[in-house]
Amino acid sequence: MKVLVPLKRVSDPDNANKIKIAGGKIDTTGLEWKPNPFDEYAVETALRLTENGASPKVRQGEVVVVTFGPKETEMTLRAALATGADKAIRIDAKDEDLDGDLIARALKALVEKEKPDLVLAGKQAVDGDSNQVGQLLAEYLGWPQATFAGTIKSEGDKSLLVGREVDGGTLNLRVTLPAVVTVDLRIVAPKSVTSVHTPPTHNYADGVRFAALMAIMAAKKKPLIEVKLADLTTDAALKIKYSAFEPPAARKAGVKVKTVAELVQKLKTEAKVL
Amino acid sequence: MNILVIAELHEDSLRKSTHSAITFAKNVGAPFSVLVIGSGADKAVQEAATFGAQKVLVADDASLKDPLAERYAPVVAQVAKGGNFDVVVVTASSYGKDIAPRVAAKLGAGYATDISGVKNDGGKLTFKRPVYAGNAFGYCEIQTPVKVVSVRQSEFAAAESSGGASPVEKVAVPAADPAAARVEFVSLEAAKSERPDLGEAKVIVSGGRALKERFAEVLDPLANLLGAAVGASRAACDAGYAPPELQVGQTGRVVAPQLYFAIGISGAIQHLAGMKGSKNIVAVNKDPEAPIFQVADYGLVQDLFTAVPELITELKK
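If you're matching them up, the sequences are chains H and D in order.
Heads up: the first sequence at position 172 corresponds to 172 in the working numbering, and the numbers run straight through without jumps.
Heads up: the second sequence at position 262 corresponds to 262 in the working numbering, and the numbers run straight through without jumps.
Don't take every hint at face value.
As the list claims (entries may be wrong) - Straight-line C-alpha distance at most 25 Å; calculated PhoX-like pairs for lysine-lysine:
{"no.": "1", "chain 1": "H", "residue 1": "Lys-252", "chain 2": "D", "residue 2": "Lys-106"}
{"no.": "2", "chain 1": "H", "residue 1": "Lys-266", "chain 2": "D", "residue 2": "Lys-202"}
{"no.": "3", "chain 1": "H", "residue 1": "Lys-113", "chain 2": "D", "residue 2": "Lys-65"}
{"no.": "4", "chain 1": "H", "residue 1": "Lys-258", "chain 2": "D", "residue 2": "Lys-286"}
{"no.": "5", "chain 1": "D", "residue 1": "Lys-106", "chain 2": "H", "residue 2": "Lys-266"}
{"no.": "6", "chain 1": "D", "residue 1": "Lys-106", "chain 2": "H", "residue 2": "Lys-268"}
{"no.": "7", "chain 1": "D", "residue 1": "Lys-43", "chain 2": "D", "residue 2": "Lys-106"}
{"no.": "8", "chain 1": "H", "residue 1": "Lys-25", "chain 2": "H", "residue 2": "Lys-71"}
{"no.": "9", "chain 1": "D", "residue 1": "Lys-65", "chain 2": "D", "residue 2": "Lys-26"}
{"no.": "10", "chain 1": "H", "residue 1": "Lys-258", "chain 2": "D", "residue 2": "Lys-106"}
{"no.": "11", "chain 1": "H", "residue 1": "Lys-256", "chain 2": "D", "residue 2": "Lys-317"}
Think of the hints as simulated: they come from the structure by calculation, not from any bench.
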């Protein structure tokens, strides 16, 4: 199976409360770039689908990672190559010249060239929180989709049984490849991904894998290709434009109560919610 | 301007999330119609007709029994085009977020996700939406003639039924997309619960990893007493102490009840993003430095295993 994984770098989500907003603009100076967590989960999922987990060094498929951004975003791609991805593509673009729809249209053209069996994406990037590229891409390609996947079982690499995490529980879908799947948090649990190559008894470590030093060195020799955005789409118009940003309204300072009795009394007489 | 509200169904009834999408239409102040998609959806249709919509449009067909984006999006797109709708709105539930982008792509429309506000300035719509886990809000405009938006349920109070009966009109079901032949609904494992849905509850009792295996044992009696929904932090869900559908946060459910109890929750950024909008927040944590206290209206520094039983006793007095 060949899997294509779109990958975005975001400013450190664990410190998102430190972003500054001045003059209606967001300033992330001082925050480290990190891979979008959901995209890292998608890379991990792609690797699990294209290997025998019990002897992962021999590849049983191909994983292509792709990002949109300036030259320095190649660091994000190299990190994915070091964990096991086979090939990387950087589509040269500036963040401010992109929106979800343009990315989906460019990815469509890339998918038509690369011909993957599966596009695995994070369900959302945790900077824009837009949650749309996977679904848009599926529609532009005319492919089926399974969003918010918590589990994936590959059925002979012809179809996938996907457990989608929905508001009321789990919705199980079967998609025939090629398809687009977007992944949720629990896809990286030890038993969440079942591939045809891995013995069913195999337990993965919880979370995403780390790159060994040797693999980091070896990743420098893996192919990393640059593609111009204009070679994928001639229509670079944005469908969404932001005019300004503002910080969230501050909550009024709360109080500490000393006892449960005081808490209940305040909830009754002050907040009047009991 | 003409707005199309996509209803969300649960079994044969209207899900309450739909009421928030109707509120969006009322806030914009333009005429709206409601589109009900399903199979045997008479009950939902009758309910949808009581909100003052111009029309309730119904696509009722056996092929639409299960909510598959590949089957629903062509219906929405055809209705939006045929009725000359300018804005298509759905609530940003897992259902809405699944189908709305496919609708936008079919209509060549821009799509703004999970909006928390809208301003109508003489027909020019500006949308407000949270970014960076709610650590900033952006004001955006959709550049295309047709606009698709999903609305955050906790920010658009549920519309009240105004009585009356909007005219009901059946719409033709378009031919299925080729993609529909390659997706099969297998099953829905719905969590059985007598408690209110997280998105609709007035009181939520949420727990963190500190509860360990005693998550349900400790929190259920409190939730039952208050008629509350139960929520959980990501850490508690990841550790398997609570099922994933209880997760409150940036990437789980976003809630804004009258009263939110954070029990043994430290207050990670991604959790705060899902509950900061609550009207009253109570935090119980034995760590006085826990970040949750920065957003709590009432903080109690105490071990939750003694505090929760005391709380139950005190509430019963």
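Indices of hints not satisfied (ascending) | 1, 3, 5, 6, 7, 9, 10
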